[in-house]
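Trainee: Residues per chain, in single letters:
There are 2 protein chains.
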Amino acid sequence: MEWKNFDKLEAYRKLESLKNTVKLQEVMTGEKGADRVRAYQVPMAGGLTYSFAAKEVDDDIIATLQELADEAQLTEKYKALYSGEMINTGEKRLVLHQLTRGQLGDQVIADGVNKGEFYEAQQKKAAEFAIKVHSGQIVNEAGEAFTTAVQIGIGGSDLGPRALYLSLENWAKAQGALKMEAKFISNVDPDDASAVLSQIDVAHSIFVLVSKSGTTLETLTNEAFVKNALKEAGLDPSKHMVAVTSETSPLAGNPDYMEAFYMDDYIGGRYSSTSAVGGVLLSLAFGPEVFARINRGAAAEDALAKNPDVMKNPAMMDALIGVYERNFLGYGATAVLPYSQALSRFPAHLQQLDMESNGKRVNRFGEPVDYATGPIIFGEPGTNGQHSFYQLLHQGTDVVPLQFIGFRNNQMNNDVEIQGSTSQQKLNANVAAQIMAFACGKDDSDKNKEFRGGRPSSIIVGEQLTPEALGALLAHFENKVMFQGFVWNLNSFDQEGVQLGKVLAKKVLAKDTDGALDAYSRMLGIF
Amino acid sequence: MEWKNFDKLEAYRKLESLKNTVKLQEVMTGEKGADRVRAYQVPMAGGLTYSFAAKEVDDDIIATLQELADEAQLTEKYKALYSGEMINTGEKRLVLHQLTRGQLGDQVIADGVNKGEFYEAQQKKAAEFAIKVHSGQIVNEAGEAFTTAVQIGIGGSDLGPRALYLSLENWAKAQGALKMEAKFISNVDPDDASAVLSQIDVAHSIFVLVSKSGTTLETLTNEAFVKNALKEAGLDPSKHMVAVTSETSPLAGNPDYMEAFYMDDYIGGRYSSTSAVGGVLLSLAFGPEVFARINRGAAAEDALAKNPDVMKNPAMMDALIGVYERNFLGYGATAVLPYSQALSRFPAHLQQLDMESNGKRVNRFGEPVDYATGPIIFGEPGTNGQHSFYQLLHQGTDVVPLQFIGFRNNQMNNDVEIQGSTSQQKLNANVAAQIMAFACGKDDSDKNKEFRGGRPSSIIVGEQLTPEALGALLAHFENKVMFQGFVWNLNSFDQEGVQLGKVLAKKVLAKDTDGALDAYSRMLGIF
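Chains Z and X, in that order, give the protein sequences. This note's numbering numbers the first residue of the first sequence as 31 and each following residue consecutively. This note's numbering numbers the first residue of the second sequence as 31 and each following residue consecutively.
Careful, some of the hints might be misleading.
Since the list gives no way to pick out one identical chain from another, each pair is judged satisfied if it fits inside one copy or across any two copies.
[Stated by the list, open to error] Computed cross-link-like contacts, DMTMM-like style, restricted to lysine to aspartate or glutamate with a CA-CA straight-line distance of at most 25 Å:
1) K203 to D231
2) K122 to D231
3) K49 to D400
4) K203 to E262
5) K213 to D231
6) K44 to D136
7) K53 to D65
8) K203 to E277
9) K213 to E199
10) K38 to D473
11) K257 to E447
12) K537 to E480
13) K154 to D544
14) K472 to E289
15) K536 to D89
16) K34 to D90
Just so you know, these hints were derived from the structure itself, not from any lab.
Model the full assembly from the supplied sequences, consistent with the hints where possible.
Mentor: Now the structure itself:
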């Protein structure tokens, strides 16, 4: 296995020569456009399909992307990762998040532990705990049932679990399967914790404290905030809190918590939703079976990513097209546009996943690279975005590739027909219309009303946003980001870029400041 | 007054010759860095300050930006706008949103109406209505008080009012001044309306239907959704709904609504929060006096924007630096990073405001321009973002300018001291630390741990996020976007880029499809 910089590969030069050869305004028009839609799609797990007909690729480019995949040994590197090689070289760690949802290769033994069994045991422990809470075996001091679960965590301990919870909250309600309502406290802004505490009944709440190291400043601060509130309500915090942490952290085996669930250094925060980091909360909210269904969807998607054929590996296809757009077409951002209100915070999760993994300018050997790496990721649900920032996407001076997501059915089975169509039909008519408007544009003698087109998009389409579909969606993007990191020769699994700010913030709090840092600290009223 | 393309101005060539002359790593270090922080700030209204010390400018560049402001006649054009000239040339409309909060120049008479008086009358009507609801003069069919106000609107009828409501919800609660809880239905996704309806007690809810034209598909669909729910609950929809619309719309003077409040074509959706579009809901939620305080903050900020001196005009300074970054330093995006959980949706409002106003490639005469215009806007609150996408901002291959926002005090006056500092101190220590980390970076022999710095930011700092501060913040960005539109010679007040998608969506719903549009429609299960 070889780790080479992207611009040292044969395929790099070939792709360079192929750039700007596909005009969407031409290839997406007429019956050949329909043929493209039928041909340019890859099946995913969870009933999903990845459709890339409206991307600026053709058979030649796809063949060259396949050559790139082969030359960069993408599936071999994936195999090395899930087989337990030390892929996170900077931190000298394995990368095992896929193992939380399935066994893709040989068993991984590390530090004398069978890691698959370890993760499974923690999920089982979370499931048993949730069942005891739901059945009334675990109750509050007054012997009453817990009704609310509150996650206290930040970054990967917040965005992924929050996005997943919101994705299924209404689905679960519609099925009468919402076991407990979930809330989230993340920001060190004291107003965040205060606001959540004002919305809940602390006497009937379980707080899930999530910090791998057990030292995350925001999370420990918010824990203290919550403990104060519990004490003020005459309650014993240790009867209301559980911890999700590593076995070596100060939170492990600590009598301050009813229970502790473990993860380890081989699961990065932004990849941890399918571990106990998401599992405890989601099992409490929806029941362990729903959490298991999310993981089954993710496992099935992970299995597809093993296929070396790009036409059968949706994450790899998505990754390669993204690289082509970033490095040869020069696009600096990607907009994620789910036509599903349930996915309202999914773009924020992808923003962390992608930008924290591949927003790096040195390769895995610590050498600066000479090509662009991870793009900016942002997005909001459609149709809302259409009435907001789509103006720039259609008529702005820069091209922004688009990732649509849509479902044939809604989650709550409640709809109205107005002017001859349901809301669901209107929603999906809009996404179909947008793809075509972006791709083909429209001439107009009034240039203010002209749409130049040539604005590429892909869409992931599913039957319904179920737990399996959600798991597949989650894993798809994790694997996409991983493959792009392999192409760019990055270590996608560390995050050294977050360190300097932490160091300087500590200096401020220690009043060890001078120059501009001191001036800003005074401006902000810190001292 | 002359409307010239930006690249035809003298100042354009001068700025081109000055680019990349300021190295933040040098100018922000040591005591000269502290001097910069003290010198490079402009007072705003509402107790705010715009600080641009960590931007890549110096006295030479600022002097040239002043020349640009003069040459492009920015304050003259602003005066023309608020004096009632037809600035929105594409739609042949005046642009009068500033008039909803104050009289900046002469009275504006249009269509035989004194527009200032008209807007004021609508605000007064909203205030009287809200007071009657709060005092129990207006009640539901059972004679009971209304407790919840639900805005039904999309785009500008949603994002601005929602951002403002969330900005003050906890502030109001902490003061015992939250009169009614507010909710929002926007997306045509039926799950959005279903979810909100499942959270509220419709019998005690007032629905505020907001559509200027009275024909917005999403909004009318959601209205029907809500009417169904009211009827199913045995309630009379006309006793639960008010309309905010134009006087010529089908919603005006319609017995289906308890009351109608009017706006007109001279206030664009994304600029409408201080009109009845925001005013009815915010007056119901917080009382008319709080809404008036928001508008007073905005009016004071609008007045500052009249000053031709860039060192005394914060919106103009912000606009000019943004143009310099976009057109000469080549930065394609701006991240908005409020260190205040209350501003969690403020970046989404700014995303619409900026991207819909200036995401355009033709000038106000319909001629394509040869320079970059509006950037991508995205953002999330800090400290959350630090644990997410800041990795790319610090160490990615592209530079992204940053707009921080911070307050010396929190809103709820509830804090804890841990490890020698309060949460508020930790929050603000982080923003001070981040500004310096981005500007100056840090050398390291391990390039993976190196921060190159040179990443520019500005910060708006205030005492507390009060209604006045919020109004000033809102107006600041409206005026910034307006000034940038003047520099780029754009019409910032139309949005032709949203039309094509609407036309094609109608074709899909009429089953008038072929080619790829038909194939996508089938994939999405529309027919």
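Trainee: Hint by hint, note whether the structure agrees.
Mentor: Results of checking the hints against the structure:
In this homomeric assembly, K203 and D231 come within 25 Å of each other (Cα to Cα) both inside a single copy, at 20 Å, and across copies, at 16 Å. For a Cα distance limit of 25 Å, the shortest separation of K122 from D231 qualifies neither inside one copy, at 43 Å, nor across copies, at 54 Å. In this assembly of identical chains, K49 and D400 lie within 25 Å of each other by CA distance both inside one copy and across copies; the values are 18 Å within and 22 Å between. For a Cα distance limit of 25 Å, the shortest separation of K203 from E262 across copies, 19 Å, qualifies, whereas the shortest one inside one copy, 32 Å, does not.
Proximity of K213 to D231 under the C-alpha cut-off of 25 Å is found in both arrangements, the shortest distances being 11 Å within a copy and 21 Å between copies. When the C-alpha separation of K44 and D136 is checked against a cutoff of 25 Å, the pair qualifies neither within a copy, at 36 Å, nor between copies, at 64 Å. For a Cα distance limit of 25 Å, the shortest separation of K53 from D65 inside one copy, 16 Å, qualifies, whereas the shortest one across copies, 53 Å, does not. In this assembly of identical chains, K203 and E277 lie within 25 Å of each other by CA distance neither inside one copy nor across copies; the values are 35 Å within and 40 Å between.
Both within a single protomer and between protomers do K213 and E199 lie at most 25 Å apart by alpha-carbon distance, with minima of 11 Å and 17 Å respectively. Proximity of K38 to D473 under the C-alpha cut-off of 25 Å is found in neither arrangement, the shortest distances being 41 Å within a copy and 27 Å between copies. Within a single copy, K257 and E447 get their C-alpha atoms only as close as 49 Å, which misses the 25 Å cut-off; across copies the closest is 13 Å, which meets it. For the homomeric pair K537 and E480, the shortest alpha-carbon distance between copies (19 Å) is at most 25 Å, but the shortest distance inside one copy (54 Å) is not.
Neither within a single protomer nor between protomers do K154 and D544 lie at most 25 Å apart by alpha-carbon distance, with minima of 52 Å and 51 Å respectively. For a Cα distance limit of 25 Å, the shortest separation of K472 from E289 qualifies neither inside one copy, at 60 Å, nor across copies, at 41 Å. In this homomeric assembly, K536 and D89 never come within 25 Å of each other (Cα to Cα): the closest approach is 54 Å inside a single copy and 33 Å across copies. In the homo-oligomer, the alpha carbons of K34 and D90 lie at most 25 Å apart inside one protomer (24 Å), although the nearest pairing across protomers, at 45 Å, exceeds that limit.
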